[in-house]
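Undergrad: Hey, can you work out the whole structure from these sequences and the hints?
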Amino acid sequence: MAETLRFHYDVDGDNFTSAGAASVEVKRKLRQLGFPAETIRRVSIAMYEGEINMVVHARGGAADVYVEPNCITIILADQGPGIPDIDLAMQEGYSTAPDNIRALGFGAGMGLPNMKRYTDDMKIETELGKGTTVTMKVFV
Amino acid sequence: MKIRQIANLLDTQVLCGEGLLDDEVCSACGSDMMSDVLAYVKDQAVLVTGLVNPQVVRTAMMMDMRCIVFVRSKRPTPEMIALADENHIVVLVSGYRMYEACGRLYANGLGNEAKA
Chain X
0 MAETLRFHYD VDGDNFTSAG AASVEVKRKL RQLGFPAETI RRVSIAMYEG
50 EINMVVHARG GAADVYVEPN CITIILADQG PGIPDIDLAM QEGYSTAPDN
100 IRALGFGAGM GLPNMKRYTD DMKIETELGK GTTVTMKVFV
Chain V
0 MKIRQIANLL DTQVLCGEGL LDDEVCSACG SDMMSDVLAY VKDQAVLVTG
50 LVNPQVVRTA MMMDMRCIVF VRSKRPTPEM IALADENHIV VLVSGYRMYE
100 ACGRLYANGL GNEAKA
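The listed protein sequences derive, respectively, from chains X and V.
Counting in numbering that gives the first Met the number 0, the first sequence runs from 0 upward without gaps.
Counting in numbering that gives the first Met the number 0, the second sequence runs from 0 upward without gaps.
One should not assume that every hint holds.
[As the list claims (entries may be wrong)] Over the 12 Å line for every Cβ pair with chain X, so calculated as not near, a few chain V residues:
#1 Q12
#2 C25
#3 D31
#4 M32
#5 V36
#6 Y39
#7 V51
#8 N52
#9 R57
#10 T58
#11 R71
#12 G94
#13 R96
#14 Y98
#15 Y105
#16 A106
[Claimed, not checked] Pairs of lysine to aspartate or glutamate residues, derived as EDC-like cross-links and limited to a Cα-Cα distance of at most 20 Å, are as follows:
#17 X/K28 with V/D31
#18 V/K41 with X/D119
#19 V/K1 with V/D84
#20 X/K136 with X/E124
#21 X/K129 with X/D9
#22 X/K115 with V/D35
#23 X/K28 with V/E85
#24 X/K136 with X/E24
#25 V/K41 with X/E91
#26 X/K129 with X/E91
#27 V/K73 with V/D31
#28 X/K115 with V/D42
#29 V/K1 with V/D63
#30 X/K115 with X/E37
#31 V/K73 with V/D22
#32 X/K129 with X/D11
#33 X/K136 with X/D63
#34 X/K129 with X/E67
#35 X/K28 with X/D63
#36 V/K41 with X/D11
#37 V/K1 with V/D22
Bear in mind the hints are in silico, worked out from the structure with no lab data behind them.
Where is the CB? At the ideal position from N, CA and C, for every residue including glycine.
TA: Structure, rendered in structure tokens:
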């Protein structure tokens, strides 16, 4: 694998049932490429949480994954409402998810903290009313 | 502990993965909040939950789990069973409630090596 592989996915914001489909696909591809199980798990969990966030808070968005032999980069971009207070959003247990999402098993305020926990680097760019882009890196 | 033993201890029905019942698992996680399940990367092979939606199966897939036990006789949809089956995840349904189901597994040594 000499060059960077790029995978692009549109995350459907209207369909909670299919949320996570892109992460499943990335997991499958990384397995085919022979990455270590632990690396694959970290990438897919971080991306899965991000995908769920995009569906819950931002009516979907776009996911791009760049795969290099020693680094996997996940970029999740949405045109949602933006995050007013990133420090608060990063606190475990803090969530603005509505009750119907909690009933589905999410909205425990663990999404962003989990994404940070599983990645080696995470950057959040957000603008109120414009959207949010989360860039995560996992080193192999 | 073999998955078969979990099925016996919790008096379960096996909805898929019959052929995997002799696989060994050594840890479990009981929760209805999928983000809490995803917070612990340590190998957790069994998910005990009362939540029924496709994200339960997807969470188990992300965590490389081997078995999902639905408590309180909750029935997963045919789509969920098919998704689990495709991904070699055993699906069990138990009439026990979450508290007792976890207690039974723990007391019998699952995730508790000292008593195994």
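Undergrad: Does each hint hold? Answer for all of them.
TA: The hints, checked one at a time:
Every Cβ of chain X is farther than 12 Å from the Cβ of V/Q12; the closest lies at roughly 22 Å, confirming the non-interface assignment. No beta-carbon of chain X is positioned within 12 Å of the beta-carbon of V/C25; the least distance is around 16 Å. Not every CB of chain X is more than 12 Å from the CB of V/D31 (nearest about 6 Å), against its label as outside the interface. Non-interface call for V/M32 relative to chain X: violated, since the shortest CB-CB distance, roughly 4 Å, does not exceed 12 Å.
Distance check for V/V36 against chain X: the nearest CB is about 8 Å away, which does not clear 12 Å, and the non-interface claim fails. A beta-carbon of chain X is positioned within 12 Å of the beta-carbon of V/Y39; the least distance is around 10 Å. With a least beta-carbon separation of about 9 Å from chain X, V/V51 fails to lie farther than 12 Å from that chain, contradicting its non-interface assignment. The Cβ of V/N52 does not lie farther than 12 Å from every Cβ of chain X; its closest approach is about 5 Å, which violates its non-interface assignment.
Residue-level check failed: V/R57 sits 4 Å from the nearest beta carbon of chain X, not beyond 12 Å. With 12 Å as the threshold on Cβ separation, the claim that V/T58 sits away from chain X is violated: the shortest Cβ distance comes to roughly 8 Å. At the 12 Å boundary, the C-beta of V/R71 stays outside the reach of chain X, the nearest C-beta of that chain being 15 Å off. Even its closest Cβ contact with chain X, about 21 Å, leaves V/G94 beyond 12 Å, as expected for a residue assigned away from the interface.
Distance check for V/R96 against chain X: the nearest CB is about 17 Å away, which clears 12 Å, and the non-interface claim stands. For V/Y98, the requirement that its beta carbon stay farther than 12 Å from each beta carbon of chain X is met, with the minimum near 18 Å. At roughly 22 Å, the least C-beta separation between V/Y105 and chain X is larger than 12 Å, which holds for a residue marked as non-interface. Every CB of chain X is more than 12 Å from the CB of V/A106 (nearest about 26 Å), matching its label as outside the interface.
Between X/K28 and V/D31 the alpha-carbon distance is near 29 Å, which puts this suggested pair outside the 20 Å criterion. Between the alpha carbons of V/K41 and X/D119 the distance comes to roughly 17 Å, so the proposed pair stays at or under 20 Å and holds. For the hint pairing V/K1 with V/D84, the CA-to-CA distance comes to about 18 Å; that is within 20 Å, so the pair holds. The straight-line distance between the Cα atoms of X/K136 and X/E124 is roughly 15 Å, inside the 20 Å bound, and the hint therefore holds.
Between X/K129 and X/D9, the direct Cα distance comes to roughly 18 Å. Compliance with the 20 Å bound is thereby established for this hinted pair. Of the pairs offered as hints, the one joining X/K115 and V/D35 holds, with about 14 Å between alpha carbons and a cut-off of 20 Å not exceeded. With a CA separation close to 16 Å, the supplied pair X/K28 and V/E85 stays within the 20 Å bound. Taking the CA atoms of X/K136 and X/E24, the gap is about 18 Å. The hint holds against a cut of 20 Å.
Restraint check for V/K41 and X/E91: the C-alpha separation of about 19 Å stays at or below 20 Å, so the hint holds. Annotation: proposed proximity of X/K129 to X/E91 is violated, straight-line Cα distance about 25 Å (limit 20 Å). At roughly 12 Å between alpha-carbon atoms, V/K73 and V/D31 fall within 20 Å of each other, so this suggested pair holds. Between X/K115 and V/D42 the alpha-carbon distance is near 19 Å, which keeps this suggested pair within the 20 Å criterion.
Restraint check for V/K1 and V/D63: the C-alpha separation of about 17 Å stays at or below 20 Å, so the hint holds. A hinted pair counts as satisfied when its Cα atoms are at most 20 Å apart, and X/K115 with X/E37 qualifies at roughly 16 Å. A threshold of 20 Å between alpha carbons decides the hint, and for V/K73 with V/D22 the separation of about 24 Å lies outside it, so the pair is violated. With a C-alpha separation of about 18 Å, the suggested pair X/K129 and X/D11 falls inside the 20 Å cut-off, and the hint holds.
Between X/K136 and X/D63 the alpha-carbon distance is near 12 Å, which keeps this suggested pair within the 20 Å criterion. Distance check on the hinted pair: X/K129 and X/E67 sit about 30 Å apart at the alpha-carbon level, beyond 20 Å; violated. Of the pairs offered as hints, the one joining X/K28 and X/D63 holds, with about 13 Å between alpha carbons and a cut-off of 20 Å not exceeded. Distance restraint check for V/K41 and X/D11: the Cα-Cα separation of roughly 30 Å exceeds the 20 Å cut-off, and the hinted pair is therefore not satisfied.
Under the criterion of a C-alpha separation no larger than 20 Å, the hint pairing V/K1 with V/D22 is consistent with the structure, at around 6 Å.
Going down the numbered hints, you'll see the structure goes against 3, 4, 5, 6, 7, 8, 9, 10, 17, 26, 31, 34 and 36, while the others check out.
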